[in-house]
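Asks: Spelled out from the first residue to the last, the chains are:
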Amino acid sequence: MGDSGTSQIENKHNKLGLSDEQVLNMYRDMLLVRKIDERTWILNRSGKLPFVLSCQGQEAAQIGAAYALDKNKDYLCPYYRDAGVVIVFGMTAKDLMLNSFARAEDPNSGGRQMPGHFGGKKYRILSGSSPVTTQVPHAVGLALAGRLEGKDHVTFVSFGEGSSNQGDFHEGANFAGVHKLPVIFFCENNKYAISVPYSKQVACNSIADRAIGYGFPGISIDGSDVLEVYKVTKEAADRARKGEGPTLIEARCFRYMPHSSDDDDRTYRPEGEVAEEKKQDPIHQFTHYLKEVGVLNEEKEKEILKWVTKEIDEATEYAENAPSPAPEDTLKHIYAE
Amino acid sequence: MTIISYIEAINQAMREEMARDHKVFVLGEDVGLKGGVFKATQGLYEEFGEARVMDTPLAESAIAGVAIGAAAYGLRPIAEIQFADFIMPAVNQIVSEAAKMRYRSNGDWNCPLVIRAPYGGGVHGGLYHSQCVEAMFCNIPGLKVVAPSTPYDAKGLLISAIRDEDPVLFFEHKRCYRFIKGEVPDIEYIVPIGKADVKRKGEDITVITYGLTLHFALQAAEKLEKDGYSAHILDLRTLYPLDKESIVEAARKTGKVLIVHEDNKEGGIGGEVAGIIAEECLYELDAPLKRLCGPDVPATPYNGVMERFFMLNPDKVYKAMAELAAF
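Protein sequence lines, in the order shown, are assigned to chains A and B. The first sequence begins at 1 in the UniProt record's numbering and counts up by one. The second sequence begins at 1 in the UniProt record's numbering and counts up by one.
Please keep in mind that the hints were generated in silico from the structure rather than gathered at the bench. Just so it is clear, the structure is predicted and the values come from calculations on it, not from any experiment. Every residue, glycine too, gets a C-beta built ideally from N, C-alpha and C. The reader is advised that the hints may include incorrect statements.
Only pairs whose alpha carbons sit at most 25 angstroms apart, straight line, appear in this in silico SDA-like list of lysine to any residue [to be verified]: (1) B:23 / A:123; (2) B:244 / A:302; (3) A:231 / A:280; (4) A:73 / A:302; (5) A:302 / A:42; (6) A:121 / B:141; (7) A:242 / B:123; (8) A:332 / B:194; (9) B:244 / A:242; (10) A:332 / B:244.
Listed next, the stretches of chain A that the computed footprint assigns to chain B, with coverage defined by at least 3 CB atoms under 8 angstroms from CB atoms of chain B [to be verified]: (11) 112 to 124; (12) 145 to 153.
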């Protein structure tokens, strides 16, 4: 595929070393997490899922960054919206649905944690919690362990702009800066910490500005441009692997949905704001690009959508019918047995 | 057997474990070149190098949090919090993260981490270099809390803590560091976590204690012996989870129980010990259960007169023991 000779715009992905197949996979993954997310809201509103945390509007940032990492050796400390990150590292639609339905088979926590609290040793995704930003020092520790063991893995830790106010962000970033550890600090700035806007969270222009205090580069990028995110994250990963230390990336994103299924964002967001932001929908932008460079056409688009829908249908059906943990499982895994 | 101090025992445990297992490393404030403000890590920097004896930035949450990440990877970090009083910024990492890692991941991840923290008063440390903070960590399933009182236990328990697959909070009484000396085997040994230890056998009253006050109780018992009463003394050693069996056995032994700790009374470990005894063997008691503890004030004052008022000592413990024995 990919008769890019006919395109009207520049082929950016080949220049970045990404094949047509790779960008189509990126597109498929973006669409997959968007559609999984949409499905979970329907399941929530129909009373089948108690709680949903959403990634809609942040897919390009998540997928672009995760594709820039080495999924066979790098470590992730994601935050609760990062369905797009974990799916690239091997989680499936079924895994995410099992997580949403809190089933025994949920690979993240066996039904113990709320949705979006990702973790899985086989994917090198460290289990996360609800107190925000605690994962930042963990990522630094995973990087330190790699250095002590002579490995060249990079750790990727993500968080929202609100989280960048927490002490753990500053303590972790400072530690990594002092010891030049291979950590990518990835802030998905969706402009809201639940209801509190950026202007009431942060006084500097960009989250990336904070990096100067820790002695490593901070870069602010358009988080709706998946190839831009890929490019900058790849550079950060290369630097980290070469021993040149951490990077802070601020991906400027949108949050199309309320904070969670229990939140009503109409009480604090200006009317029309989301509709305006949706004009820059990262998936639409990427679809447009892929069509312009001749990698995607109507037929291929339909084929991918069909695959995505089938994946989600099967995952939903499987997870809905999967058993819950046994009640007594509540007593397991407190200490080593 | 060699006679060494409590702090030498701690130093030996770390040195021997670091030599045995390259995955063991130390991190904390001033632990490297300086060898720690109490010298607990003295000589480790020279022997094992900067990478494995790491001076960290002054930030307790990062010390704990970075150690958690390294432990999750599979290393065996020993994180030092310079004074237990300064552990508060790290509580979120210890309680929300380390203690829950195994449970929340359904047994997928674990956190074999030791956090050492010098605690306790009697060293002119004032409010913020004297506190007993152990009780606040003793209702956190997933965490183990250890507080040895002798060099033998300190070394054996620290080795067990380092080898443990779960996070262990290791409280070292500062007054014991150089004040307490004792015999330690020349060969490798461990002391299991979760087991209390009878430090003195007796028939008339039972004292249940841990840390510095164990030594006060042992001294007081010698005096009480002259009054014609023999004291049975149980050292808890592990504060969470408690060794219920040994507590009940010790209470049954004499039917008169005095619980002693330096930490203030309300909400202290003694309440839980009393609860266990009340549940398991109330009708075998011959006297009301007694607790002798630090007063319920925020912390030990700096002024020497006030500090002495706050702290327990062998005389105070003797009085409480004699009173109970005569009941």
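Asks: Hint by hint, note whether the structure agrees.
Replies: We went through each hint and held it up to the structure:
Only pairs whose Cα atoms come within 25 angstroms are accepted, and residue 23 of chain B paired with residue 123 of chain A is accepted, the gap being roughly 22 angstroms. The straight-line distance between the Cα atoms of residue 244 of chain B and residue 302 of chain A is roughly 65 angstroms, outside the 25 angstroms bound, and the hint therefore fails. With a C-alpha separation of about 19 angstroms, the suggested pair residue 231 of chain A and residue 280 of chain A falls inside the 25 angstroms cut-off, and the hint holds. As the CA atoms of residue 73 of chain A and residue 302 of chain A are separated by approximately 34 angstroms, the hinted pair breaks the 25 angstroms bound.
Pair hint residue 302 of chain A plus residue 42 of chain A holds up; C-alpha atoms about 22 angstroms apart against a cutoff of 25 angstroms. For the proposed pair residue 121 of chain A and residue 141 of chain B, the alpha carbon gap of about 22 angstroms is at most 25 angstroms, so the pair holds. Note on residue 242 of chain A and residue 123 of chain B: the hinted pairing is violated, with a Cα-Cα distance of about 48 angstroms set against a maximum of 25 angstroms. At most 25 angstroms may separate the alpha-carbon atoms for a hinted pair to count; residue 332 of chain A and residue 194 of chain B meet this at roughly 19 angstroms.
Among the hinted pairs, residue 244 of chain B with residue 242 of chain A is inconsistent with the structure: their alpha-carbon atoms are about 53 angstroms apart, more than 25 angstroms. A C-alpha spacing of about 20 angstroms is found between residue 332 of chain A and residue 244 of chain B, which places the hinted pair at or below 25 angstroms, so the restraint holds. For the segment 112 to 124 of chain A, the proposed coverage by chain B is satisfied: 6 residues have a C-beta within less than 8 angstroms of a C-beta in that chain, meeting the threshold of three. Coverage of the segment 145 to 153 of chain A by chain B holds. Counting CB-CB distances below 8 angstroms, 5 residues qualify, and the rule asks for three or more.
Checked against the numbered hints above, the structure breaks hints 2, 4, 7 and 9 and satisfies the rest.
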